[in-house]
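There are 2 protein chains.
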Amino acid sequence: MEKMLSQSIEDYLKAIYEVESSEEKVSTSALSEKLGVSPASVTSMVKKLSERKLITHKRYQGVKLTPAGRKIALEIIRHHRLVELYLKEALGVPWDQVHQEAEKWEHVLSEDLEDRIDKFLGYPVTDPHGSPIPRRDGTMIVRQCDALVDVEPDTLVKVVEVSDHDPELLRYLGGIGLYPETEMTVVSKQPFKGPIIVELTGKEYPIGRNAAKYILVEKANN
Amino acid sequence: MEKMLSQSIEDYLKAIYEVESSEEKVSTSALSEKLGVSPASVTSMVKKLSERKLITHKRYQGVKLTPAGRKIALEIIRHHRLVELYLKEALGVPWDQVHQEAEKWEHVLSEDLEDRIDKFLGYPVTDPHGSPIPRRDGTMIVRQCDALVDVEPDTLVKVVEVSDHDPELLRYLGGIGLYPETEMTVVSKQPFKGPIIVELTGKEYPIGRNAAKYILVEKANN
DNA sequence: AAAGAAATTTAGACAAGACTAAAATAATTT
DNA sequence: AAATTATTTTAGTCTTGTCTAAATTTCTTT
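One line per chain: the protein sequences are A and B, in this order.
Residue numbering for the first sequence follows our numbering, starting at 39 and increasing by one per position.
Residue numbering for the second sequence follows our numbering, starting at 39 and increasing by one per position.
Hints should not be assumed to be uniformly reliable.
All copies of an identical chain are treated as equivalent in the list; a pair is satisfied when it fits inside any one copy or across any two copies.
Stated by the list, open to error - Below, computed lysine to aspartate or glutamate pairings styled on EDC-like, alpha-carbon distance capped at 16 Å:
{"#": "1", "residue 1": "K227", "residue 2": "E242"}
{"#": "2", "residue 1": "K86", "residue 2": "E149"}
{"#": "3", "residue 1": "K96", "residue 2": "D188"}
{"#": "4", "residue 1": "K227", "residue 2": "D204"}
{"#": "5", "residue 1": "K257", "residue 2": "E190"}
{"#": "6", "residue 1": "K126", "residue 2": "D150"}
{"#": "7", "residue 1": "K251", "residue 2": "E199"}
{"#": "8", "residue 1": "K142", "residue 2": "E152"}
{"#": "9", "residue 1": "K157", "residue 2": "E127"}
{"#": "10", "residue 1": "K72", "residue 2": "E58"}
{"#": "11", "residue 1": "K257", "residue 2": "D188"}
Honestly, the hints are just simulated from the structure, not real lab data.
None of these values were measured; they are calculated from a predicted model.
Could you put the whole structure together from the sequences, leaning on the hints where they help?
Here it is, written out as structure tokens:
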């Protein structure tokens with residue numbers, strides 16, 4: 039049924055999906071940056087993925103997933119997020135480490151094992167960072183939310199999702215008890231691009247503007 | 039500390055270790071057979087492994103692991119067997135399927151996760167097929183035992199270990215309740231290379247001579 | 001609109017690891 | 001012992017995925 043895809047191809051499709059979710063265009067340089075390979079390497083892989091009809095490509099204009107490519111990307115992301123949650127729940131791996139382990143495991147997970155893990159976890163909907171887990175059929179429920187950096191002061195918010203790419207940030211956030219589903223108040227935004235001050239469990243903590251771009255929240259119903 | 043080794047190199051070292059355990063000489067053709075690659079491919083990889091001092095090689099005379107090579111082989115085998123047991127215990131994967139899953143997982147298991155799995159399982163000594171799990175320090179306890187095919191009739195034996203390479207055999211053995219630690223009686227050996235008849239849980243079952251080579255037993259204390 | 005800067009693609013090279021065909025060596029048979 | 005057969009190695013090719021350097025195209029600035 040499924041063709042055998044190299045790990046490299048899987049990594050590219052996932053990266054393209056992720057860039058598509060946040061940027062208008064998926065540029066060669068964005069992929070080069072994200073995957074840690076040279077722009078020339080991206081171009082040559084892009085050519086191959088186009089030939090296989092997994093993406094479309096107009097020269098000098100960026101890249102787009104086809105439905106087939108998107109399906110595969112979402113399968114990989116499903117593997118990744120299921121594994122992240124599994125490692126945390128079943129083996130107690132701290133949330134700042136699950137990402138790098140999952141980067142390797144996502145490529146070796148059989149469908150059978152995917153199902154067993156899914157069942158073990160009770161068919162979960164989000165991973166440890168609050169990111170939605172794609173369904174087997176290639177659909178994914180996306181929650182409506184704002185970046186913390188864009189929230190006005192004096193607002194009560196609920197954390198929805200935290201980017202999993204910076205372990206250091208995750209350790210800091212974990213240390214202050216800031217996880218998905220946590221409610222907190224945005225107290226103030228310090229001037230001159232200073233930090234955002236949030237209050238949770240009665241204490242105030244600073245969060246850098248840059249970090250606050252990667253924390254997604256929604257207005258809490260109060 | 040540990041150098042990054044390719045999956046291919048890990049597979050070769052493991053294969054060499056396994057051939058060393060059962061054959062006198064580790065020949066190019068044996069490795070070619072075991073790994074499913076051409077003899078020429080084996081020769082070229084052998085050259086590389088020699089250069090890295092992981093094996094020694096005399097032209098036309100076969101190959102031998104160095105202590106460094108053996109240590110790595112045992113680490114991979116440790117990963118493999120821990121994963122096999124983990125998949126069975128934690129996720130209920132049937133024992134005839136754990137091997138092929140572990141073939142992939144063994145290469146992506148971090149030391150941290152290895153330790154977590156080891157701890158979860160209570161520091162086990164054998165995998166689901168009865169094979170000993172190498173220790174972290176690269177040592178392994180080998181039990182003294184005989185192949186079922188060599189046992190005289192009318193002997194009470196205890197199953198020690200069953201080869202994990204043939205899922206079909208494992209399903210058959212599982213179906214009749216023949217697992218490691220099971221006690222059974224060798225009833226008779228049918229003539230003309232016929233099957234061996236064993237009795238367990240009050241019933242008699244035939245086991246082909248060839249299969250019986252891959253079932254290791256020890257005399258039970260009765 | 002032209003010039004300079006930035007991004008992208010092309011061209012060509014390289015490493016890993018596989019292959020086939022042919023040559024060299026070892027083992028077996030007569 | 002010579003001849004045949006089997007095994008191993010060598011030589012050379014291919015594919016995948018990477019790289020650098022150079023050429024092309026697009027974007028930005030003046």
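So which of those numbered hints doesn't the model satisfy? Failing hints, ascending: 2, 3, 4.
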